[in-house]
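Position chain B relative to chain A; hints supplied.
Chain by chain, the residues run as shown.
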Amino acid sequence: KAGVTQTPRYLIKTRGQQVTLSCSPISGHRSVSWYQQTPGQGLQFLFEYFSETQRNKGNFPGRFSGRQFSNSRSEMNVSTLELGDSALYLCASSFTVGQGTDTQYFGPGTRLTVL
Amino acid sequence: DQQVKQNSPSLSVQEGRISILNCDYTNSMFDYFLWYKKYPAEGPTFLISISSIKDKNEDGRFTVFLNKSAKHLSLHIVPSQPGDSAVYFCAASVGGDKIIFGKGTRLHILP
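Protein chains in written order, with our numbering: chain A, 1 to 115; chain B, 1 to 111.
Taking lysine-lysine and the BS3-like style, the derived pairs with C-alpha atoms no more than 25 Å apart in a straight line are:
id	chain 1	residue 1	chain 2	residue 2
1	B	5	B	54
2	B	98	B	54
3	B	5	A	57
4	B	71	B	56
5	B	71	B	98
6	A	57	B	98
Derived from the structure by calculation, the hints contain no laboratory data.
In isolation and in its complexed conformation, chain A is listed as follows:
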C-alpha cells in the first residue's frame, strides 16, 4: 500500500508570495492533518480535515488555510509568506477521525524556504 505522499518536496519562495502544498493520504484514509516543524518549536498542529470538513485548527494566523477534496487529497495554502514560515510542513493521514487515538501515518514533508 502506498504511503502518504507530499508534493513538492522542496520549495523556495520569497517574502510576500503565496504557496500551495499538496498531500495525498494513504488509500482509504479519510482524515488528513497538517503540521509545521521548526527547530525552535518542534511539531505544531495546523489543522485537521475529515470528509472535506475542517475538524480542528491550531493557533496559526489566517494566512494559513487548507482544504480537502472528495478523494481525501488535501492542500494547504500560505499567503503573504514571511521569513518565519520557513519550515518543514508535514501531512499525516489516518483512517478515522480523532487523530490522537488512531495511528497517524506521516508523509516525508515539504521543506519550504522563504527568502
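The following block gives chain B in isolation, referenced to the frame of chain A:
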C-alpha cells in the same frame, strides 16, 4: 505555553544499554500519549502509545511508562541498537483530538 515538554534536546547511549527518554506535560486533561520516531528526510513514524487508564505499555524493545500524578511519561528502549538513532517526539491529546507534540529529543546510539 509548551504543554508537552521534552527537556533533553539530545541523549547519547551506548549500544546495548537502556535508553530512557523523558517527557513532561502540564495539561491534566490529556488522556492519550504517543511516541513518534523521526529519521532525517522522513516523516515521523508512530512508535507506541498509552492511554491514561494505564501506567505501562510494552511493545518489543519499547516500553512507555506513565506517571499521572507527576504528569510525566518516559520511553524505555532496551537494548538500544544503532538503528534507534533518531529524533523522538512525545505527544499528547485530549479525547483523541488535536495532538500536541514536544520539541523532540535526538537520541545517539554509540557503538
